[in-house]
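Line by line, the protein sequences are chains A and B.
Note that the first sequence covers residues 1 to 255 in our numbering.
Note that the second sequence covers residues 256 to 630 in our numbering.
Please keep in mind that the hints were generated in silico from the structure rather than gathered at the bench.
Idealized CB from N, CA, C, for every residue including glycine.
Warning: the hint list may mix true and false statements.
[Unchecked claim] With beta-carbon atoms standing in for the labels, derived distance ranges: (1) Thr3/A with Glu621/B: 40 to 50 Å; (2) Asp182/A with Ala614/B: 38 to 48 Å; (3) Ser572/B with Thr111/A: 34 to 44 Å; (4) Ala614/B with Glu122/A: 24 to 34 Å; (5) Thr321/B with Lys125/A: 48 to 58 Å; (6) Asp515/B with Gln116/A: 31 to 41 Å; (7) Leu561/B with Gly17/A: 46 to 56 Å; (8) Ser572/B with Gly151/A: 23 to 33 Å; (9) Pro391/B with Gln116/A: 53 to 63 Å.
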Amino acid sequence: MATLEIRDLHVSVGDGGEGSKEILRGVNLTVKAGETHAIMGPNGSGKSTLAYAIAGHPKYTVTGGTVTLDGEDVLDMSVDERARAGLFLAMQYPVEVPGVSVSNFLRSAVTAVRGQAPKLREFSKEMKGAMDALSIDPAFAQRSLNEGFSGGEKKRHEILQLEMLKPKIAVLDETDSGLDVDALKVVSEGVNRFGAAGETGVLLITHYTRILRYVKPDFVHVFAGGKVVADGGPELAEELENEGYEKYVKAGASL
Amino acid sequence: MGLDTTKPLSTLHERASFEVADFEVPTGREEEWRFTPLRRLRGLHNGSADADGKIIIEAAPAPEVTVETVARDDARLGKAFVPADRVSAQAWASFTEATVVTVPKEVEASAPTVLRLRGEDASAAAYGHTTVILEPFARATVVLAHRGSATYADNVEFVVGDGAALSVISLQDWDDDSVHVSHQYARLGRDARFTSHNISLGGDLVRVSPSVAYDGPGGDAELYGVYFADGGQHLEHRLLVDHSVPNCRSRVDYRGALQDQDAHAVWIGDVIIRAEAEGTDTYELNRNLVLTDGTRVDSVPNLEILTGEVAGAGHASASGRLDDEHLFYLQARGIPFDQARRMVVRGFLGQLVERIEVADVRAKVEAAIEAELDR
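Could you put the whole structure together from the sequences, leaning on the hints where they help?
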């Protein structure tokens, strides 16, 4: 059973020297395979920073604490090593990569993560099946990655990658933002399909409770002021739906 | 009509003449020479080059196409252009034999026509002339493949008749000691289509000046270029599209990658829309991807518009390093850094390479780009 453990994580934006700003101030979180965790918090609370720090984005510097995956030191790994170790970040704003086709990209990623190139025919079949399940037009396979895709199309492709790479721990950074209800349902079904297999832990980062009507979390964490300020079950999401983040923002600000 | 010997055309193209003496020897301070390292031209620009060098030309024409070797006085030569700088005039004054490619009226060539130009010795200069004539409504693809060691200056004329369509791929795949200064003059008839791909990969110094002039309305020119400059290499492309008649179209898209110390790429794009060229639709673009420290890019788009009645006119130029966000995204899917970098470069250049219609040329260019990335 895969386990992601985050202990007392401190992260700054910048190189960690003068002029850098601390955003995460001691995050503690444990995510195990088969569990779905929702991290909810107001804008600017540091939710996305947590996602990017786990993935290893160069813009962020870890100034303290540990992140381990099954006991292995994640912070010591390069970005691609983390992905091959089984971490996946579904991005809020996936970048457009001109001239790199979706199918070429997926095949390269699958080859890297699985450690060997899949047979072309089997790969094509697998990709087509995964695209069908997410209602993605097969023509997208030959298009440049994310180029000219709508917001909803980009998010579907993030979930497509998630389903094909089968990570141990998937971090979904505001995958629900900017989606209409239909796209939200398709994306949520993808996440549920994936979570149901029980092989993956899901960390769902969101600003809104809307997606939690379709993806049922086992745990809900409230994020404010760069750390987790409250933990609970699905009932916590309902409380946030009704009362908002106000009391947590105040608590976070006073830390 | 097109380039004119008497009146100044524009700030960048002030004169044109068949006489070498009508051009001052460049000093390097002139706008059109300031990016070119003149001392590396081996005298092509000042008449001091020994002219006993040779370029060996092998032709593999399509069955419907004729390729002839002709003497200097052949009446078909020099109809489509007037030399626009001293090296072009020098090449016109100095070549001994020319190659004429003819595609007869209304004939559609069933295969590409390939001219292989090979140099065996760069120590003496060679001068060349090639004229490609598409008679009205003809269609053809012509490949000019340059390789070997040479110090070479030439003029290439593309005469595209009314309603004809010509696609040209010029591959500058020289050895490291070569110098090549080339002018490619295209003249388009009414409703003619011209597509050009310049692929510049090898050579110490390559300076290619493609230009397009229109003789009638409805002309359509697409000019593409891909280059990969390594340490010490100077690769220069100077585009001129002269819109002198109404309702013509032009597109320019040149992209290059640079790596290692003193790799130098120059791109000059000039589009002139004259007062009488109403309804012109033009866009020119240059992008450069800088892969290492120590390189230099000069990219200058120019647009000289003399009428307000245009359908569209624009230009863009951007040079920069590999985008960290692209690399992060690919790496975040498990793809190692070096492979991610290759995919991004390959993709960036590949969008133009995939437009090359001749499959084996396309494969060759793709392989050459891979080899550059392996260096």
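Earlier hints that do not hold, by number: The structure conflicts with no hint, since it agrees with every one listed earlier.
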